[in-house]
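Here the working numbering runs 9 ahead of the position in the sequence shown, where the first position is 1.
Keep in mind that the hints were calculated from the coordinates and are not lab data. Take these hints with a grain of salt, some might be off.
[To be verified] Here are the simulated lysine to aspartate or glutamate pairs, DMTMM-like style, with alpha carbons at most 25 Å apart:
hint : residue 1 : residue 2
1    : K163      : E152
2    : K71       : D92
3    : K114      : E126
4    : K159      : D92
5    : K163      : E91
6    : K71       : E152
7    : K163      : D38
8    : K86       : D74
9    : K68       : D92
10   : K68       : D81
11   : K114      : D125
12   : K114      : D145
13   : K163      : E129
14   : K163      : D81
15   : K159      : E111
16   : K86       : D38
17   : K86       : E152
18   : K114      : E136
19   : K68       : D145
20   : K163      : E126
21   : K80       : E136
22   : K159      : D38
23   : K80       : E91
24   : K80       : E126
25   : K114      : D73
26   : K163      : D74
27   : K80       : E129
28   : K114      : D74
29   : K80       : D125
30   : K159      : E126
31   : K68       : E91
32   : K71       : D81
[To be verified] Okay, the calculated beta carbon distance ranges per label pair:
hint : residue 1 : residue 2 : range
33   : I78       : T40       : 55 to 63 Å
34   : N151      : F84       : 50 to 58 Å
35   : I121      : L66       : 52 to 60 Å
Beta carbons: idealized from backbone N, C-alpha and C, even for Gly.
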Amino acid sequence: MLFCSYTLITGYCRSRVIKKGDLTMPKVDLTVTISVIIAICAIISPIITTLLNNHHLYKMRKLDDAAQIRKDSYFYKRGIYEDYLRYTSQCLTNPSATTLNEYGKTYALALIYFPDELQEQLIAINETINNHRWNDALSNLNEIAPVIRKQIQKM
Numbered sequence: 010m011l012f013c014s015y016t017l018i019t020g021y022c023r024s025r026v027i028k029k030g031d032l033t034m035p036k037v038d039l040t041v042t043i044s045v046i047i048a049i050c051a052i053i054s055p056i057i058t059t060l061l062n063n064h065h066l067y068k069m070r071k072l073d074d075a076a077q078i079r080k081d082s083y084f085y086k087r088g089i090y091e092d093y094l095r096y097t098s099q100c101l102t103n104p105s106a107t108t109l110n111e112y113g114k115t116y117a118l119a120l121i122y123f124p125d126e127l128q129e130q131l132i133a134i135n136e137t138i139n140n141h142r143w144n145d146a147l148s149n150l151n152e153i154a155p156v157i158r159k160q161i162q163k164m
């Protein structure tokens, strides 16, 4: 095998023939090699640890945010159910402009948030209230109250 070494001082390329067994790896001091490996690990290890920790904190934050949204949604819907029952019963037991106004506000929200199977019953109660048939509306409300309680418990 032909080997060419270039010298900077003379600018000439010196060629020499090397035998097959003469090519060996350069000798490296083992203590320097170990020191370099430890230094590289000391630099990379905190970076990897920080990346993993930040990824974990990000996932935990997403889970906390989702749990908080579910909790807020639960309390909001529960408030609508309770307000509907409260203001409807007030409207039926003591009909006045104030109680009818409060009932009207909660009836609109109830139509939005109540499940589909309760929609017809809500509309029927509203029609009986509009026709001033207080006793019919109260009996309808008494029928729907246990179903609303089950809805609250399911949430």
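Against the structure, the hints:
Straight-line distance between C-alpha atoms of K163 and E152 comes to about 18 Å, which keeps the hinted pair within the 25 Å bound. Proximity of K71 to D92 is assessed by CA-CA distance (about 31 Å); at most 25 Å being required, the pair is judged violated. Of the supplied pair hints, the one linking K114 and E126 holds, its CA atoms being roughly 21 Å apart against a limit of 25 Å. About 16 Å separates the Cα atoms of K159 and D92, which keeps this hinted pair within 25 Å; it holds.
Under the criterion of a C-alpha separation no larger than 25 Å, the hint pairing K163 with E91 is consistent with the structure, at around 15 Å. The straight-line distance between the Cα atoms of K71 and E152 is roughly 41 Å, outside the 25 Å bound, and the hint therefore fails. Taking the CA atoms of K163 and D38, the gap is about 71 Å. The hint is violated against a cut of 25 Å. Between K86 and D74 the alpha-carbon distance is near 18 Å, which keeps this suggested pair within the 25 Å criterion.
Restraint check: the Cα-Cα separation between K68 and D92 comes to about 36 Å, which exceeds 25 Å; the hinted pair is violated. Taking the CA atoms of K68 and D81, the gap is near 20 Å; set against the 25 Å cutoff, the hint holds. A threshold of 25 Å between alpha carbons decides the hint, and for K114 with D125 the separation of about 19 Å falls inside it, so the pair holds. About 21 Å separates the Cα atoms of K114 and D145, which keeps this hinted pair within 25 Å; it holds.
The hinted pair formed by K163 and E129 meets the criterion: a straight-line CA distance of about 20 Å does not exceed 25 Å. Restraint check: the Cα-Cα separation between K163 and D81 comes to about 16 Å, which is no more than 25 Å; the hinted pair holds. For the proposed pair K159 and E111, the alpha carbon gap of about 24 Å is at most 25 Å, so the pair holds. Between K86 and D38 the alpha-carbon distance is near 72 Å, which puts this suggested pair outside the 25 Å criterion.
For a cut-off of 25 Å, the pair hint linking K86 to E152 stands: about 20 Å separates their Cα positions. For the proposed pair K114 and E136, the alpha carbon gap of about 15 Å is at most 25 Å, so the pair holds. At roughly 53 Å between alpha-carbon atoms, K68 and D145 are farther apart than 25 Å, so this suggested pair is violated. For the hint linking K163 to E126, the alpha-carbon distance of about 15 Å falls within 25 Å, and the restraint holds.
With a C-alpha separation of about 33 Å, the suggested pairing of K80 with E136 is violated against the 25 Å cut-off. Note on K159 and D38: the hinted pairing is violated, with a Cα-Cα distance of about 78 Å set against a maximum of 25 Å. At roughly 16 Å between alpha-carbon atoms, K80 and E91 fall within 25 Å of each other, so this suggested pair holds. Pair hint K80 plus E126 holds up; C-alpha atoms about 24 Å apart against a cutoff of 25 Å.
A hinted pair counts as satisfied when its Cα atoms are at most 25 Å apart, and K114 with D73 does not qualify at roughly 32 Å. Note on K163 and D74: the hinted pairing holds, with a Cα-Cα distance of about 22 Å set against a maximum of 25 Å. For the suggested pair K80 and E129, the alpha carbons sit about 28 Å apart, so the restraint of at most 25 Å is broken. Distance hint between K114 and D74 is unfulfilled; the C-alpha atoms sit about 30 Å from each other, more than 25 Å.
At roughly 22 Å between alpha-carbon atoms, K80 and D125 fall within 25 Å of each other, so this suggested pair holds. A distance of roughly 13 Å separates the Cα atoms of K159 and E126; the hinted pair therefore holds under the 25 Å criterion. A C-alpha spacing of about 35 Å is found between K68 and E91, which places the hinted pair above 25 Å, so the restraint is violated. Between K71 and D81 the alpha-carbon distance is near 15 Å, which keeps this suggested pair within the 25 Å criterion.
Our hint of 55 to 63 Å for I78 and T40 holds, since their Cβ atoms are close to 58 Å apart. Between N151 and F84 the CB atoms are about 26 Å apart, so this pair departs from the stated range of 50 to 58 Å. Between I121 and L66 the C-beta distance comes to about 37 Å, which lies outside the given range of 52 to 60 Å.
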